[in-house]
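J.: Here is how the chains run, residue by residue.
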Amino acid sequence: MLTLASIAEQLGRPFEGNGTIEIHGAAGLREARPSDISYLAIKKYRSHAENTLAGVVIVPESWDGNCQAALIRSPSPEADFSKVALQLAPPAHTPAPGIHPSAVIAEDAVLGEDVSIGPHVVIEQGVLIGRNATIMAGAYVGVHVQIGDDCYLHPNTSILDHCVIGHRFIMHSGSVIGSDGFGYSVNAEGIRTKIPQIGIVKVGDDVELGASSSIDRARFGCTRIGNGVKIDNQVQVAHNVQVGDHAVMVSGVGVSGSAIIGDRVILAGMCGVAGHLTIGEGAIVGGLAGVTKDVPAGKYVYGFPALPFDKASKIQAHVSRLPQLKERIEELEKRLETLEQNKRA
Amino acid sequence: MLTLASIAEQLGRPFEGNGTIEIHGAAGLREARPSDISYLAIKKYRSHAENTLAGVVIVPESWDGNCQAALIRSPSPEADFSKVALQLAPPAHTPAPGIHPSAVIAEDAVLGEDVSIGPHVVIEQGVLIGRNATIMAGAYVGVHVQIGDDCYLHPNTSILDHCVIGHRFIMHSGSVIGSDGFGYSVNAEGIRTKIPQIGIVKVGDDVELGASSSIDRARFGCTRIGNGVKIDNQVQVAHNVQVGDHAVMVSGVGVSGSAIIGDRVILAGMCGVAGHLTIGEGAIVGGLAGVTKDVPAGKYVYGFPALPFDKASKIQAHVSRLPQLKERIEELEKRLETLEQNKRA
Amino acid sequence: MLTLASIAEQLGRPFEGNGTIEIHGAAGLREARPSDISYLAIKKYRSHAENTLAGVVIVPESWDGNCQAALIRSPSPEADFSKVALQLAPPAHTPAPGIHPSAVIAEDAVLGEDVSIGPHVVIEQGVLIGRNATIMAGAYVGVHVQIGDDCYLHPNTSILDHCVIGHRFIMHSGSVIGSDGFGYSVNAEGIRTKIPQIGIVKVGDDVELGASSSIDRARFGCTRIGNGVKIDNQVQVAHNVQVGDHAVMVSGVGVSGSAIIGDRVILAGMCGVAGHLTIGEGAIVGGLAGVTKDVPAGKYVYGFPALPFDKASKIQAHVSRLPQLKERIEELEKRLETLEQNKRA
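Taken in sequence, the protein lines are chains X, S and E. Be aware that the first sequence starts at 56, since it is given in the numbering used here, and climbs by one per residue. Be aware that the second sequence starts at 56, since it is given in the numbering used here, and climbs by one per residue. Be aware that the third sequence starts at 56, since it is given in the numbering used here, and climbs by one per residue.
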């Protein structure tokens, strides 16, 4: 618990309201309750501040709206809010170093200093794990997997045989790295025979992988995830995909086999990329888009099939005005009819 | 096994056919085999009843179709069928109360009466679980999680630190509650730094969460799931989303950060909702729709971008008639050409 | 490591280049490095071969392009490449037969010969598993489940009560078979009550199920997956769906309740099929399509709502030419205006 006065003092900002108000939590403007502090960062959400139930709101210095809450004026409301929110949060749990006796660890596995291995973890033969790793309950690390320093595997994650993972990797629960690629040969009767998937997944440094996502191993060679790549929940990355540095994939994205995703590309939520395509450096694919052709570097595409923003929005506008277009055609038909009748007359 | 005569007697309904027919299972009309009982509830599926292989079909009293199966006439075919199906089903398995010796439970965790804790379950420090909980094999419950009475966690589920769950919660295998929200600050080079996700997930009473779904913890404050909410498989609920009471999310839905989903909203399969939007109470979003604007209470929207039903279906009809529209324009061009030539002549 | 000369000799093919080149890995043309071998199978990717960094490329006998790499000419580049890639791959790990002491196996479970049961596996009462099964760490097999011979359950998979699985089944990590169908009765206030899901899932022979996918048990009777069906990652199959033999579902597909998917149907990535529909034998549904009506056998449909290829591509072409169509209407309006003014004059 913090009082309004103590918060304002810590931040070194002026406040308006009763300094003894007690604040127990931090929340967005629309979800906040009277015991919460909140903040307004973007003008667009001005009405949220005017209707909030929060006890205290950190607002820009120029704020001139109507807000029931006590106020703290700040040149950087979001940053100030983050400082306060961190103090009000439950303390983050850091598992103690050590190996839980129920973990099953192959004799020849090499673990770095200060690792924390939780209950029921399984680490197979030939595994190398760097220092300061946290591997939570029920995680599985397959034979000959290599993982760098400072990784954090959340409970019930799976990294399968031979995959190679960089430093500072964070992997959320339910996710899978190194499942087989979806590859079959097909005979004339449509019966499929599995093609051995003998490649691996190679993940760079500073990568985060969300919950219930899956990254398939390569048919041969590597499925590659670059440095600094951030992948959200429920994402699928197929075999042999190559993802550049600092690319972002939001929840629900699917990338088909052998696609190349350039550096700093952003794939917005639930978009799909067809196989063997190249998404150029810095391109952005909109939410729910379906990409069926290469996307040049720096372009923003959306829709299905995905088109460049200008073209897609122009076509979309035309589509939404189709009823009027039809009326204009009907009007033309009537006027033409009149002219033709006059002529015949 | 039940005979037709014994089924009809139990239900107190008349039957037509050989009363000694033996029924071993219950199935839909199209999947049924001669040893199955089935039912017809909706006229629309009349042809399914006429083509079924089922041995017995429960039909409405007014049924006058051609059906090879023996018949039971009923004023409520679906309810009667459900009674019979329950008897024919394999007995539901109820794990015995008790704690499996392989479960790892923190000393200070508090478990209610009559809990059943399966093998390899992990329950961390500070956890509170109500009475009559069933926690199946491999489930993980993080530090300071609180769970109400009568919950059922299926195998290999994960509930992470500090989340709070109501009574009668059912969670299906592979699902995750409390994974980190997808939040980063970005510098000018497009390099992302993780923003600590210090909030929790708060789940109301009578909620069911399907398999392989994920609900992210809030950046701060709560991701909130109301009472009576039913969530299907493969669903993603992002950080700070607020879901009202009795809302429904069908398989494959994705809800982006800080969206507000009103009471009794229905999000049909594989639709997506963009961040910070509000879906008003009782609104319905169609399957595969992409919602890019607020949806007023009670509205039905679909398509991408999602539009109100009337508008969306009108535009869709216009789109499907574009070939004819083009022909009308060509026809106009010809007639106009004729008029112009006549005039010149 | 293999030299170019030794590879060519093994394959019985001529080579062009320095026979002592050392090859350590196999990779696609675009991801290959100088120590890799690659191949060109399809003319379409000719430019990839001309720009590859691979040390050796296996090309068609008729190859006449410019490629920096050493070459092996072959009448079947892909098959030859696969042979070499298998030799260069890390040796596949085969877990030794036996039962890990940490596995928890019900006394009355019946396991065939030569099974390998990993750490922390749970096998419940009444389970029957055929010979030569591999059940990896953390997998869960519920009461009375039956599994045929030669199955492979990857780590952290879950097969729930009473489900029946054929021979040679492969199940990837994080996947779930037998979660409850999404079925509720609804009262006038929109409050839902769970309908018991008392059916099972029945899976044929030679089926593969990808990572983080889920197949719901039937409300009653069976959710049925035919023989030879291949299902990718992140796929959802709802209760009572009937999937024919040799059907294929690519990543991200969602099939709603009671749909019938015919033999050899292909559902491409991220498409959705609404409930109770029939997709006829051999039909193909395009990526990201939304199927809202039955699809006749052998048809290829795509888009939302999904339409037959001819119709869908015609409409799509019309949509993309809407700007021109509007210009033609404006032109018509001007010309008509002129005629009308002349007439008035």
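To be clear, the hints were calculated from the coordinates, so they are not data collected in a lab. Careful, some of the hints might be misleading.
Since the list can't tell identical chains apart, any single copy or any two copies may satisfy a pair.
In silico lysine to aspartate or glutamate, EDC-like type, Cα no more than 16 angstroms apart, as pairs [what the hints assert, rightly or not]:
#1 Lys-381 / Glu-105
#2 Lys-366 / Glu-64
#3 Lys-98 / Asp-318
#4 Lys-249 / Asp-260
#5 Lys-389 / Glu-133
#6 Lys-354 / Glu-388
#7 Lys-366 / Asp-204
#8 Lys-98 / Glu-244
#9 Lys-369 / Glu-116
#10 Lys-138 / Asp-300
#11 Lys-99 / Asp-349
#12 Lys-98 / Glu-336
#13 Lys-369 / Glu-77
#14 Lys-98 / Glu-133
#15 Lys-389 / Glu-244
#16 Lys-354 / Asp-365
#17 Lys-354 / Asp-204
#18 Lys-99 / Asp-119
#19 Lys-257 / Asp-365
J.: Does each hint hold? Answer for all of them.
T.: Do the hints match the structure? See the list:
| no. | hint | result |
| --- | --- | --- |
| 1 | Lys-381 / Glu-105 | neither (44 angstroms within a copy, 44 angstroms between copies) |
| 2 | Lys-366 / Glu-64 | neither (52 angstroms within a copy, 54 angstroms between copies) |
| 3 | Lys-98 / Asp-318 | neither (32 angstroms within a copy, 28 angstroms between copies) |
| 4 | Lys-249 / Asp-260 | between (32 angstroms within a copy, 14 angstroms between copies) |
| 5 | Lys-389 / Glu-133 | neither (60 angstroms within a copy, 55 angstroms between copies) |
| 6 | Lys-354 / Glu-388 | neither (41 angstroms within a copy, 36 angstroms between copies) |
| 7 | Lys-366 / Asp-204 | neither (46 angstroms within a copy, 55 angstroms between copies) |
| 8 | Lys-98 / Glu-244 | neither (62 angstroms within a copy, 26 angstroms between copies) |
| 9 | Lys-369 / Glu-116 | neither (39 angstroms within a copy, 48 angstroms between copies) |
| 10 | Lys-138 / Asp-300 | neither (29 angstroms within a copy, 32 angstroms between copies) |
| 11 | Lys-99 / Asp-349 | between (35 angstroms within a copy, 14 angstroms between copies) |
| 12 | Lys-98 / Glu-336 | neither (31 angstroms within a copy, 26 angstroms between copies) |
| 13 | Lys-369 / Glu-77 | neither (52 angstroms within a copy, 54 angstroms between copies) |
| 14 | Lys-98 / Glu-133 | within (13 angstroms within a copy, 54 angstroms between copies) |
| 15 | Lys-389 / Glu-244 | neither (57 angstroms within a copy, 52 angstroms between copies) |
| 16 | Lys-354 / Asp-365 | within (10 angstroms within a copy, 30 angstroms between copies) |
| 17 | Lys-354 / Asp-204 | neither (36 angstroms within a copy, 51 angstroms between copies) |
| 18 | Lys-99 / Asp-119 | within (14 angstroms within a copy, 60 angstroms between copies) |
| 19 | Lys-257 / Asp-365 | neither (36 angstroms within a copy, 42 angstroms between copies) |
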